[in-house]
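Chains as they are written, first to last, in our numbering: chain A, 1 to 225; chain B, 1001 to 1247; chain C, 2001 to 2229.
Calculated from the structure, these hints are not laboratory results.
Beta carbons are placed, not taken as given, at the ideal position from N, Cα and C, and that holds for glycine.
Any given hint could turn out to be false.
[Claimed, not checked] Okay, the calculated bits of chain A under chain C, using three or more residues with CB under 8 Å as the criterion:
id, stretch
1, 169-181
2, 192-205
3, 210-217
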Amino acid sequence: MSSLPTITKATLAKDLRLEWRSKDVINAMLFFALLVVVIFSFSFNPTAEESRQIAGGLVWVAFLFASVVALNQTWARELRNQVLDAFRVSPAPANALFLAKAIGNFLFVSALEALMTPLFIVFYALRALGPGWQLVPVGLLGTWALVVNGTFFAAMSIRTRSREIMLPLLLFPITIPALLAMVQATSAILTGEASAKFWIVLLAVYNLVFTTVSLLLFESVLHAE
Amino acid sequence: MPIRGAKEGARSDSSELIVNPSPPACLNLPIISLSDVIKQFGRLAALRGITAEFLSGRLYVIVGDNGAGKTTLLRILAGLSQPTRGRVSILDSTDPRAVREQVGYMAHPSLLYDELSALENLRYFAQLYRINDEQRCRSVIFSLKLDPDLTRPVGEYSQGMRQRLSLARAVLHDPKILLLDEPFSNVDVGSARHMVELLAAMRNRGTTILLITHQASLLESASNEFVWMDFGKIIRRSRELELLQAL
Amino acid sequence: MKRAFPVFGLLTLVLLSFALYEALIGAPTERTMGEVQRIFYYHVSSAWTAFLLFLTNFIASVVYLAKKNSKADAVAAVTAEVGVLFCSVVLVTGPLWARPVWGIWWTWDMRLTLTLVLWLIYVSYLVLRRFSTSSQTAVIAAALSIFGAVDVPLVYFSIWYFRTQHPSPVIGRGGSLDARMWHVLLINWAAFLCFAFLICWSRYRLERLRRDVEETQALEALLEPRGVR
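Kindly generate the complete structure, drawing on both the sequences and the hints.
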């Protein structure tokens, strides 16, 4: 098992290099994220007070859509030239691949969020009335909650027909508690009316539980051709 | 299914006193054995009962028409796909995944990242086998007459170059068993001959090679045995290519 | 064994009729809600049955992953289907009951929400099974089933806290249940359980038959003379 961190790191480095080489995907994704924000802001045009109430929901639903598009790309590169088979015939632990992909997605989705957040703030004139620093753990935990299951279900959906549509079908129902937690925590912090502590703990537990389950089950799914 | 070749091989090497360059006795034991292996995709039977043994340190050439089940057989041996029924034993293990370290696999698709250079590709795959040796990657690339310092991404390689690099990836960890699916497709004759030489040298060092090809004549001298597959079965095994073609 | 199925079917029919009679006529009329409250016997019985089926699905999935036993997979497939069926009944009868009593079709009530999320999870499970191209659908499906089961407590706590923050616009079904009502409820539940078991049994036999047919066809394909392909 000592090879796990090494191979995770190697795979992550390889993925980042690939992303960097073919920036077309990144650019398309960033533009997609931008479009989502603009269209959301366009459709809902509330006052500053109202927006504080609904921003939590808007922001996270926008993140969810953007990350689904990003997550669907996770395995696309491994399927081209069937490179995934090269990993599968090697003795490398399957979980190294999973962790590398999940961390890669985490960085990727975080980048998208980093782009979208300031736009949301500008368009909705957002300002936190509660403890704003708590938005950082909510953002990090929430993003991991989206990508850990997303990465796993994306791997599952490569074994199905019409795989692009399968990912949201599998991901959304399971993600409901996490989404509720992200939205409620964000709203609580923005409005300053309630404490976000419970939701942050819930997100942490959610992440712990699903990261464990994913690591336990990934190998069987990877080899379920 | 007669497995004549295998049995003869086992019998002929009973004496330990023979002093010749042929592989030592222990290498003539079956390293791969299949018993009644069936693989079905739904109603389609890709393998219809394969029972065979393959000996250590030999080069086997698998020939047959498209759809004969050659690729399916290789994928099962590589542990990429599980047989519907039957038993596969490789290096005394019935789970191909337990011996992955000892097996090299080259598929029809390149199994390479198009956006990375040759060295970057191999460096990554080397790490999957816990090899952290830049020199090893370079020398393998070099041995296939490619330039390790070429920064061009593999996607811009010619088909022949890509095939050679794909072979380099498969032999990187110096496996005991090498499974090759059409290594010579789109490779020019000169390079193909060079690849054959390389494979023959590996075989002489004790590597067992199973190779699928439509250009069997390239391997006439290097091959130990030709295995003819048809409609999901091994229908004949022979030392001489002509015998097979006469059928 | 062959006779067991029709006998059990007949028993179920009798039990269901009795339960129906008890629910519609036998049970006392609720004071405030009136006759409409009688839907409660179906609603709650279906819910408990659905939950039990989902639990079975989870256990069968774990057994499948541990033992790779294809019977366990068939059980998992069947219980998910029938579970979704009963869960749908809950989701339809819930609003039917809520509308006259609470004045609204839907509320993000603890139990309703949990049922809805369960329904969504298991529908996605069935979709996955249907869309899978893998020769090991059972493995993938079992993995999803475990994800779903692990999710349930998290869904529970999230909605529970969500509810405490946003008090429900209506008063829940507080108060204790009349002993006679309990009695009718349990009879109905027993009847529904038998009914669910009957469907599962028959569906399981069908599933096994389907797999046998597939296997036979596969065997035939093995014997097929060359050239048919």
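Going down the list of hints, with the structure as the test:
| no. | hint | verdict |
| --- | --- | --- |
| 1 | 169-181 | holds (count 10) |
| 2 | 192-205 | holds (count 5) |
| 3 | 210-217 | holds (count 3) |
In terms of the numbered hints stated before, the structure departs from none.
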